Amino acid sequence: MNIVSVENLNLTYEEKGNKNHILKDISFEVEKGEILGIVGLSGAGKTSLLRTLNLLHKPDNGKIIFEQEDITKLNEKTVIPIRKKIGVVFQHFNLFRNKNVYNNIAFPLLLEKIDKEEIKKRVEKIADEIGLTERLNAYPSQLSGGEQQRVGIARSIITNPDLILLDEPTSALDPMITKIILDLVLDISIKRGLTIITVTHDMDVVKRICDKVAYLKKGTLSFFGETHEFFASLTTKEVSEFENEFLTDFEKIKKRESDEKKFIRVVFWGANTHESVIWDTAKDMDINVNILYGKIEELKKGPFGSLILEISGKQSMNFIKNLKEKVYYLEVI
Amino acid sequence: MVEQLLKATGETFYMVFFSGFLSLLFGLPLGVLLYITSRSEGKKKIYFVLDTLVNIFRSIPFIILVLLLIPLTKVLIGTIIGSNAAIFNLTIAAIPFMARLAENSFNTLPSGIIDSARSLGTTNWQFISKVLIPETLPDQISNFSVMLINLVTYTAIAGAVGAGGLGQLAINYGYYRFQWDVVLYCVIILVLISQLIQFAGKKISTNLRK
Ligand SMILES: Nc1ncnc2c1ncn2[C@@H]1O[C@H](COP(=O)(O)OP(=O)(O)OP(=O)(O)O)[C@@H](O)[C@H]1O
Ligand SMILES: [Mg+2]
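These protein sequences, in sequence, are chains A and B. Going by the numbering used here, the first sequence runs without a break in its numbering and finishes at 333. Going by the numbering used here, the second sequence runs without a break in its numbering and finishes at 210.
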């Protein structure tokens, strides 16, 4: 069942009389319990899209159906019950400066008529899970970026929302804390059936936790679908935009180009994710195969392999044709 | 002489305290109202009216305001001299001042914090009481002390028209009887009071700033 569906969403910002079309005809849907990653280059409109989802910014037109209700029809007052069901972690954290960590995390509970003891129990539990027990009395200005981010995360999930919106939730965290936070987020999403929409630059985050990906390119949704399809669908150029390691390797590879040689990018997915497919295909053919780049990664839903091969020899075209049938995706670079 | 100084100091404190309290009581909500109406599309007209009124009241010199208020003071307080009449005048003069200072501080609240509050589902009232005021509290304390110091100087002016207090003492003895030592004492006490308010305000506000 869909928890959110977005239909033909358009958003413009007006700046000194100029209209900037930021989101163009965006449509996608997210099922309950799913994790959707929103990716795209800086300025693509990721934050803007996230902000429309709880109506912090009203779109010009289009629908946002949240739990069967079109929330674009609501106003600042009638949207309040909806907002209480949607947790948000902002790109710049936006903690309350004059409240300590405890009161920042407890804030959404303090808006309701909840017993003080109950609030204390819940804040302490979540502070423990997220490693902030010792910092409960500190104020935001006394926290590191990563600590502030964790307070933001704790504040967004303490009310047991149905959906959380995360804007670059791991941008200020080191790899170890990132892992802890992602595990926590995954754990909550599984245990409570929490749905998550997260903006991220970090492809590792996408690989580890996202079921689906929405790829924004200058305000249009250039891809929406399963995570492995996303990685397979990227052109080689796009992969290099997202992954540094790949970019350096790819630049080295391009220097080797010549007429006799062909370069192909091959993607494996799921059960047949192993290199032997290549050697089986190459067997008995008069060709040379060289692996220039290769990586097999664990996506949330299974292994995903990506290789760049250098091929030379008379039967190159034949080889490519045969291989194409056996792998998930193949592109001649 | 010492006795008179003490009595006058007491009267000044009395006037500053009550007019300060009343100005805060009415000025801060007016400031909130200015802030809220300036930000909601449908309420721009209300803002325009309030804003204009505040500007008008703030541009009338205090002594003129006292004169203009005479009929109203007479009806409401029963007399136009004495400390209570002065408190009324001082309060009317200070409310728009306090409201404008408060509004200016509210306007410094970062938009990210407003986003946070909105996304957590605060009602208007919860936003005001749990976010807007607590988040600008250190600034509001400094505003309040600035206003109190203003009130101290205003009490001295009000003294010229029979409000009592240190201002009146200074005028009676200095201006009419040329006893400059009394004037000097009055001035010293007034300066001390202002310094004290300034010091306390700064101290509290710094302690609250996190
Ligand atoms: N309040 C605003 N008024 C006018 N223009 C805005 C506003 N907010 C964002 N923009 C513009 O909209 C575009 C998209 O911004 P947005 O913040 O959504 O990008 P983003 O994809 O989140 O980028 P980043 O990865 O850098 O966070 C940018 O060109 C930005 O300058
Ligand atoms: Mg952003």
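Hints should not be assumed to be uniformly reliable.
Quick partial rundown of chain B residues pointing at chain A, CB under 8 Å, derived from the structure [unchecked claim]:
{"#": "1", "residue": "G82"}
{"#": "2", "residue": "N84"}
{"#": "3", "residue": "I113"}
{"#": "4", "residue": "S116"}
I should point out that these hints are in silico values taken from the structure, not numbers from a laboratory. For clarity, every value in this text was computed on a predicted model and none was experimentally measured. Quick reminder that beta carbons are idealized off the backbone N, C-alpha and C, glycines included.
Evaluated hints:
1. G82: violated (41 Å)
2. N84: violated (37 Å)
3. I113: Holds, about 6 Å.
4. S116: Holds: closest Cβ of chain A sits about 4 Å from S116 (chain B), inside 8 Å.
Of the numbered hints listed earlier, those contradicted by the structure are 1 and 2.
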